[in-house]
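Q: Okay, here's what each chain looks like letter by letter:
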Amino acid sequence: GAVVSQHPSRVICKSGTSVKIECRSLDFQATTMFWYRQFPKQSLMLMATSNEGSKATYEQGVEKDKFLINHASLTLSTLTVTSAHPEDSSFYICSAQGGYEQYFGPGTRLTVT
Amino acid sequence: ELKVEQNPLFLSMQEGKNYTIYCNYSTTSDRLYWYRQDPGKSLESLFVLLSNGAVKQEGRLMASLDTKARLSTLHITAAVHDLSATYFCAVDPDHAGNMLTFGGGTRLMVKP
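Each protein sequence line maps, in turn, to chains A and B.
For this note's numbering, count along the first sequence from 1 and bump the result up by 472.
For this note's numbering, count along the second sequence from 1 and bump the result up by 1256.
All clues stand as given, with none of them false.
In silico BS3-like pairs for lysine-lysine, Cα to Cα no more than 27 Å straight-line:
{"id": "1", "chain 1": "B", "residue 1": "1297", "chain 2": "B", "residue 2": "1367"}
{"id": "2", "chain 1": "A", "residue 1": "513", "chain 2": "B", "residue 2": "1259"}
{"id": "3", "chain 1": "A", "residue 1": "492", "chain 2": "A", "residue 2": "538"}
{"id": "4", "chain 1": "B", "residue 1": "1297", "chain 2": "A", "residue 2": "513"}
{"id": "5", "chain 1": "A", "residue 1": "492", "chain 2": "B", "residue 2": "1297"}
{"id": "6", "chain 1": "A", "residue 1": "513", "chain 2": "A", "residue 2": "536"}
{"id": "7", "chain 1": "A", "residue 1": "513", "chain 2": "B", "residue 2": "1273"}
{"id": "8", "chain 1": "B", "residue 1": "1367", "chain 2": "A", "residue 2": "513"}
{"id": "9", "chain 1": "A", "residue 1": "513", "chain 2": "A", "residue 2": "492"}
{"id": "10", "chain 1": "A", "residue 1": "513", "chain 2": "A", "residue 2": "538"}
{"id": "11", "chain 1": "A", "residue 1": "486", "chain 2": "B", "residue 2": "1297"}
{"id": "12", "chain 1": "A", "residue 1": "538", "chain 2": "B", "residue 2": "1297"}
{"id": "13", "chain 1": "A", "residue 1": "536", "chain 2": "B", "residue 2": "1259"}
Read the hints as simulated data drawn from the structure, not as lab findings.
Keep in mind the model is a prediction, meaning the values are calculated, not measured.
Work out the full structure: start from the sequences and follow the hints.
A: Next comes the structure, spelled out in structure tokens:
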């Protein structure tokens, strides 16, 4: 149990375009999901906390207008990277809260050319 | 601001040897998590430590938590090549599974 999926697993886009990443909890409901970003050889950095039915809470330094988060249901949160630039290239990982644990998705590797 | 520090950041060891990875954190918490990450992959949950003195073991890995010292350890016994990965600890200061703060990670290489 406690499976979290992400789609797509890998995406390449051109600078200036937008990319949407989906995070789904497959076998449980998650009122809270989290979005992390990981640059090569670095740790995970929390970007935002996504709460179903309300606005996401962004960490300091994360632009909410650039990284749009929508938690439309108890099993789906989406992250849209708007007007992507090469410096947005990273590994994006979501997690869904289940009880006292966070269950992590497989990640999405974004490359902006 | 919660700080979580792991050491060492990089560890190269021979198969069959023992070693310990340390995770120190700066605020009170009695929930600590250990994860494994293989290159290009997401996180795999290894251990969830929920109280002072908690000790958990799985195969060649054993994790412990000392909340008074704000320290967790991940001990590797008789390392094998398959354990090569990056290991992260993460602390939840709010006791609700929210807002995990991750350590910097320990990249482990086990040489045959």
